[in-house]
Amino acid sequence: MNALAAATTTSTGEAFQFWILGTVAVIGALSTVLLKRAVHSALSLAGTMIVLAVFYLANGAYFLGIVQIVVYTGAIMMLFLFVVMLVGVTAADSLKETLKGQRWLALGCSLGFGILLIAGIGNASLSTFNGLGAANTAHGGNVEGLANLIFTKYVFAFEITGALLITATVGAMVLTHRERTERAKTQREMSEERVRGKHLPPLPAPGVYARHNAVDIPGLLPDGTPSELTVMQTLRQRGQIRDVSRQSLADLKALEQRSGERLGREDADAVARGADPASPAENSEAAK
Amino acid sequence: MNPVNYLYLAALLFAIGASGVLIRRNAIVVFMCVELMLNACNLALVTFSRMHGNLDGQIVAFFTMVVAAAEVVVGLAIIVSLFRSRHSASVDDASLMKL
Amino acid sequence: MSFPLLTATAALPAIGAIATAAVPAARRTAAKWLALLFSLGTLVLAAVVFLRFEPGGDRYQLTESRSWIADFGVRYELGVDGIGVALLGLTALLIPFVIVAGWHDADPLETKSSRWRPTQGFFALILMVEAMVILSFTATDVFLFYILFEAMLIPMYFLIGGFGDRAHAGSDENAATQRSYAAVKFLLYNLAGGLIMLAAVIGLYVVAGSFSLSEIAEARANGSLEMATSTERWLFLGFFFAFAVKAPLWPLHTWLPNAMGEATAPVAVLITAIVDKVGTFAMLRFCLGLFPEASKWATPVVITLALISIVYGALLAVGQRDIKRLIAYASISHFGFIILGIFAMTSQGQSGATLYMVNHGISTAALLLVAGFLITRRGSRLIADYGGVQKVAPVLAGTFLIGGLATLSLPGLAPFVSEFLVLVGTFSAYPVAGIIATSGIVLAALYVLVLYQRTMTGPVQESVRSMPDLKARELAVALPLIAVLIFLGVFPKPLTEVVNPAVEHTMSDVQKKDPQPEVEAAK
Amino acid sequence: MENLIALLVAAPLLGAAVLLCGGRRLDKTGHWLGTVLAGASFVVGLILFTDMLGKDAEDRALHQHLFSWIPVEGFQADIAFQLDQLSMTFVLLITGVGTLIHIYSIGYMEHDERRRRFFGYLNLFLAAMLILVIADNYLLLYVGWEGVGLASFLLIGFWQHKPTAATAAKKAFLVNRVGDMGLSIAIMLMFTTFGTFAFGPVLESAGETSQGKLTAIGLMLLLAACGKSAQVPLQSWLGDAMEGPTPVSALIHAATMVTAGVYLIVRSGAIFNAAPDAQLVVVIVGAVTLIFGAIVGCAKDDIKKALAGSTMSQIGYMILAAGLGPIGYIFAIMHLVTHGFFKAGLFLGAGSVMHGMNDEVDMRKYGGLRKYMPVTFVTFGLGYLAIIGFPGLSGFFSKDKIIEAAFAKGGTEGWILGSVALLGAAITAFYMTRVMLMTFFGEKRWQPDAEGHEPHPHESPKSMTIPMIVLAFGSVFAGGFFAIGDRFINWLEPVTGYDHGHAPLSAATVTGATVVALVVGVGIAWAMYGRKPVPVVAPRGSVLTRAARRDLLQDDFNHVVLVRGGEHLTRSLVYVDHSLVDGVVNGTAASVGGLSGRLRKMQNGYARTYAVSMFGGTAVVIAATLLMRAV
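Chains as they are written, first to last, in my numbering: chain A, 1 to 288; chain B, 1 to 99; chain C, 1 to 523; chain D, 1 to 631.
Since the hints were derived computationally from the structure, they do not count as laboratory data.
Just so it is clear, CB atoms sit at the ideal spot from N, CA and C, and this is done for glycine as well.
The reader is advised that the hints may include incorrect statements.
What the hints assert, rightly or not - Mimicking DSSO-like on lysine-lysine, the simulated pairs with C-alpha atoms at most 27 Å apart in a straight line are: (1) C:Lys512 with D:Lys162; (2) D:Lys365 with D:Lys601; (3) C:Lys391 with D:Lys28; (4) D:Lys162 with D:Lys28; (5) A:Lys100 with D:Lys601; (6) D:Lys601 with D:Lys371; (7) D:Lys213 with C:Lys471; (8) C:Lys493 with C:Lys512; (9) D:Lys444 with D:Lys365; (10) D:Lys462 with D:Lys365; (11) A:Lys100 with A:Lys36; (12) D:Lys162 with D:Lys55; (13) D:Lys365 with D:Lys162; (14) C:Lys513 with C:Lys493; (15) C:Lys391 with D:Lys213; (16) D:Lys28 with D:Lys462; (17) C:Lys513 with D:Lys213; (18) D:Lys462 with D:Lys532.
What the hints assert, rightly or not - Which chain D residues stay away from chain A? Per the calculated CB distances, all over 10 Å, these: (19) Met1; (20) His63; (21) Leu422; (22) Glu459; (23) Ala503; (24) Lys601; (25) Thr618.
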């Protein structure tokens, strides 16, 4: 390979790797944005990040590549997943846009921005590159080279980063910490409360009077309305109660429709449209 | 192949992340998209580092990672506490910026 | 590099502001003493600056220069000329009096509320203003000056809007509405001026490629910088507009009476005696210094506006029913004199204008602070609510009278020296303008004496019968100011010595010479 | 010797400072301190005077340069004093009469709780007046000029609880300020013309500039003199100024301050000599005031206001003389000095009468007082004879000289001026006789005062009568002393110059005419007020009398034109400021507010909307940057 080629192109292997993994990264990014459920998004993002880690390695940033995997994919993404679980694994976005024109504006801006960036990069005269061989070996390796820079030229920034991290940690603790404003109840008090309260017998179990017996489906009261009491508190807070009352109504509607079809009624279509079974996402929103 | 392709990829990822921030309503996903944008920047920085032949770009990328980590910690804490008080992780629910 | 004296002078009150703000809520008195201590420390540093300044030396002295925003050539450049030294001294001198006079102005209304923090805030804001004003008098970088010019508005806004005069005729709610109206008006007027100035600042950078006064002057001198006539005029107008709002010049003056009327007396002093001086100071340094040709071009219009200010302000002062608004309009008249002196472009006019800035600061402070003591006692700002105070509180009336006499430029008191210099300077260049301006001295006598007569003399009104005379704290404010007024009226040499060389520089900036007397009299 | 000059000013200035700042501790002793310091100043004046007499006439002038006052490029104002014969005359008059009036005030103000302050003000006045007369440049003179104005303001309004006193004080200061404006314009003109305003250079080179400039300077100086010396058209304040305590009227508004205008014109003689037009205006003003004041003096029933009219008229004589140029300067000053004696004496006498009559000022409620106040009667009587120009007394010599000088002006002018002066002498005799008759002769017309106290006229204490006696001596002998052997002319000639003029009439003829005028005036007065009883309530009188009672309607004119007009002007300006100037601003604010009310709807509170706009903005900025690069 002559000198010019070394300064303008990379090895074919890297090119091959780039085109394959690049595609994967873009797909991962797209699915992060487009998938309904947060968990799926998180997993696609993790994929993209791993791909990026590989790219770092390919670019000679060995340290960063490893850090990317360990810190980002390992720690940060786990944190994301953890929070997703806390908030509700099944809590899925409706992809229905509520703000008028937001989606088109957003897409337009992003596209325009991307095109601008790409045009800018294309315009810049970046045809040659130096490669990191010399820089990486100057101090005996990539890690040593980085360390050399961090502890000399960038030592201030590094120190400040430390302060930032500590502040962030404390901040997170403060934000999530809940002050206990009253004395914790003793077991005795709780039992007394229980006896004096409205529900002397144990709370009804979920799903008992409903057609499902899943934990997130409330029991139905005699008049057909759901009773939130039957669902455990955590789920209630997350808003993950599935309201079967509407589902049963929908079933009823379906029944009517079918019988209507059989009887050949005129307005069957209208009835059917109005009684479209609600999606689970809407269910959860309605419960909030 | 010229490493400049990495830059195109970074721009693409950045744009995708940005659109995600603007479109998604779930705060957690919004956050993920922000991370995606940051990662795109990092990729660009690493590539620059290679093109210039020095390690400064990598250092900046490293700092970006640290800052991102701190941001995620605080951000997620905010989301959790927001969720606790409002029972929702939708960014549209916090529309208090209006007078 | 030697000790950064100017930075220290500005930094001390800034540190003081932070320290005062950090004092625990319950320890209000400690906060006040702390603020006073810092302001006195600043006064000491200002005195050192004054003594270290050599009148015959370089134009800008005690200079400091550090790179700040290198990409745009913005530098942290400080330096004082004689004009800056005089005004720096004025600022440092007045702030301790402002603090002592406002000792109880921000106290909680209920004696027992221990969580009351605004007291600390009041004094911290005053010190903050002092720091910014000092920096703006010493900045020799246009951008740095601009930043300070604008930043000053923030603490002033809170001082006006947050700490109103408790002596208000209407209900509390009404007072709050008027106060916030006044504060917003102040802010909007000055922001509008500042915005236009920003455009001119950017324009200047585009044209001159630098923000540094000395660099631009050098470039002009060696001919490497040539501004097109129209460019120079536009830039001049941009700067002048901002300063004319601040100064304030007719017809951009209407914010001042509102702001001064609604603010407490010490804050009103801060506005008119100190902060507004930045406007006139900047006219002298930036308008004349950077755009001499455009300044000469605009002179007829500016002088006309200044004359209108003088007569109009005085006439409106006569028509006021509110003591503080009266003083505000009187100040508008006086600012007319200052601007007249600056744009007369004679040595006497400009020396006079500089002295006028200092003297007007001191005399207005004396009058306004004593008026503030009076208003606090009676709880009303209306002239009609007073009468015969002289009988029950002779010392108060006496100090008020001396403040008033200073305002009407009685010979023997400091303002006379400056007013006469301005008049002579104007007259020698523009005789008609000089004569019109001289009519201001009659009108000044009218509004001051009418105010004095209606409030202090005549039969004792029932509402003032039990009014106490000045207390020790109030005397500590009034007497030193009066002493300074008399001293500078009889022996203004320490000031003129410092100011004269600076004026010569300005005169050479605008390439003007004093008109020669018709007869070279035998000396 | 030069170093003593500053001491002249320093002594009363110190007194003023101590008395005004000293507080209640000095209430018991303050008046003595004030009097002693005034006396000290007089003693210093005497020492300087004897020293001066010992020198040749040409180098009698002393200079003292204290320090440079306002040093500014091309502008030099110094605190420097000059004591020549003219200044010396004034110094002695001011400190001498001033000391006497200090002594008088000890008795007169005995029952006033603010006596210490009164003496402080008196000392302040002395200091300012001395600065005025010994200044060596116009700017320092201006300091004294305004200083006496201030002292006058404080003293007229001394009884501040009386609204009339406060108003009169304000009026005096304001009218004086109009005059001051003239003085400052004159100084500015001098500066632009001569480049300085020190007496020496200005007066020496007065002839080197154009007539127009000099006329302008002269007219402006005259305006200043009109304000201070209560000459038409700025005379209106003097009558009201009588609201002040009587010693003040005697010292300030009769003997010293009001004559400052005469001093100014005589001092600036070189300018006026070179500007005949200005001189003509000066004599016109003098002549008009002479008659004006005399007419007003005839109609007033208030004893002090009658005397104030007389003062105005007598100063009119002096201004007239000063306007005649070198013919009259010396006589103007001579009349000034003799007038200082007899008018101060008359005022002190009036004060003594009021002191005995429960502060009653209406002469119609006096009558027959000669038996009850013999000393006052005699001293007042001597002052009376002096002012009407009874042969042999002070007024005779000085006034006669002025009338002679007026004729000596020559031409038609001389005849007119001389006749006016003669007419004035007749009217003077009339109104002074009227005062004398109404106060000391005829039957008692006393009335109980507002609280129902019957007056018990009695002679005043020694501290009051002694100054009156001293002044009476001056009224009798000063004129003769000055006139015999041309002592006064020789004394002042080196400073002011002297010219005999071309008298169309012999001195004896003029003297005869003066005596005739005097007899006619006295005779008419006797016919009107001596032969028949004076009514207690003033008769309605003729149109002229009624107008004269109202100061010839000058105040009404001022009120209608200046006060009312000014009020309307300020009121409409306040309206303009509020609705027009401020209205434009508020209108702009309102329209911006309306616009933002619309725009506000874009702010829906959703973070994502804001994010889009931020992002879009970034994109635009980048696009702009790229475009700029590309171009």
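Here's how the hints hold up against the structure:
Of the supplied pair hints, the one linking lysine 512 of chain C and lysine 162 of chain D is violated, its CA atoms being roughly 54 Å apart against a limit of 27 Å. Under the criterion of a C-alpha separation no larger than 27 Å, the hint pairing lysine 365 of chain D with lysine 601 of chain D is inconsistent with the structure, at around 84 Å. Under the criterion of a C-alpha separation no larger than 27 Å, the hint pairing lysine 391 of chain C with lysine 28 of chain D is consistent with the structure, at around 20 Å. At most 27 Å may separate the alpha-carbon atoms for a hinted pair to count; lysine 162 of chain D and lysine 28 of chain D meet this at roughly 25 Å.
A C-alpha spacing of about 13 Å is found between lysine 100 of chain A and lysine 601 of chain D, which places the hinted pair at or below 27 Å, so the restraint holds. For the suggested pair lysine 601 of chain D and lysine 371 of chain D, the alpha carbons sit about 97 Å apart, so the restraint of at most 27 Å is broken. Between the alpha carbons of lysine 213 of chain D and lysine 471 of chain C the distance comes to roughly 54 Å, so the proposed pair goes past 27 Å and is violated. A hinted pair counts as satisfied when its Cα atoms are at most 27 Å apart, and lysine 493 of chain C with lysine 512 of chain C qualifies at roughly 24 Å.
With a C-alpha separation of about 8 Å, the suggested pair lysine 444 of chain D and lysine 365 of chain D falls inside the 27 Å cut-off, and the hint holds. Taken as a hint, the lysine 462 of chain D and lysine 365 of chain D pair is honoured in the structure, with Cα atoms around 25 Å apart against an allowance of 27 Å. Among the hinted pairs, lysine 100 of chain A with lysine 36 of chain A is consistent with the structure: their alpha-carbon atoms are about 20 Å apart, no more than 27 Å. Of the supplied pair hints, the one linking lysine 162 of chain D and lysine 55 of chain D is violated, its CA atoms being roughly 52 Å apart against a limit of 27 Å.
For the given pair, lysine 365 of chain D sits about 22 Å from lysine 162 of chain D by alpha-carbon distance, which is consistent with the 27 Å threshold. Between lysine 513 of chain C and lysine 493 of chain C the alpha-carbon distance is near 23 Å, which keeps this suggested pair within the 27 Å criterion. Note on lysine 391 of chain C and lysine 213 of chain D: the hinted pairing is violated, with a Cα-Cα distance of about 49 Å set against a maximum of 27 Å. Only pairs whose Cα atoms come within 27 Å are accepted, and lysine 28 of chain D paired with lysine 462 of chain D is accepted, the gap being roughly 19 Å.
In summary, the hint linking lysine 513 of chain C to lysine 213 of chain D is supported, as the alpha carbons are separated by about 23 Å, within the 27 Å threshold. Proximity of lysine 462 of chain D to lysine 532 of chain D is assessed by CA-CA distance (about 35 Å); at most 27 Å being required, the pair is judged violated. Every C-beta of chain A lies more than 10 Å from that of methionine 1 of chain D, the closest at about 77 Å, which supports listing it as non-interface. With a closest Cβ-Cβ approach of about 72 Å to chain A, histidine 63 of chain D is found to remain outside the 10 Å limit, as its non-interface label requires.
Taking the minimum C-beta to C-beta distance to chain A, about 101 Å, the non-interface status of leucine 422 of chain D holds against the 10 Å cut. Once the 10 Å rule is applied to beta carbons, glutamate 459 of chain D is consistent with being away from chain A; the minimum gap is 94 Å. Every beta carbon of chain A lies more than 10 Å from that of alanine 503 of chain D, the smallest distance being close to 102 Å; the non-interface claim holds. Distance to chain A confirms lysine 601 of chain D as a non-interface residue, since its nearest Cβ pair spans about 12 Å, more than 10 Å.
Taking the minimum C-beta to C-beta distance to chain A, about 7 Å, the non-interface status of threonine 618 of chain D is violated against the 10 Å cut.
Violated hints, listed in ascending order, are 1, 2, 6, 7, 12, 15, 18, 25; each of the other numbered hints is respected by the structure.
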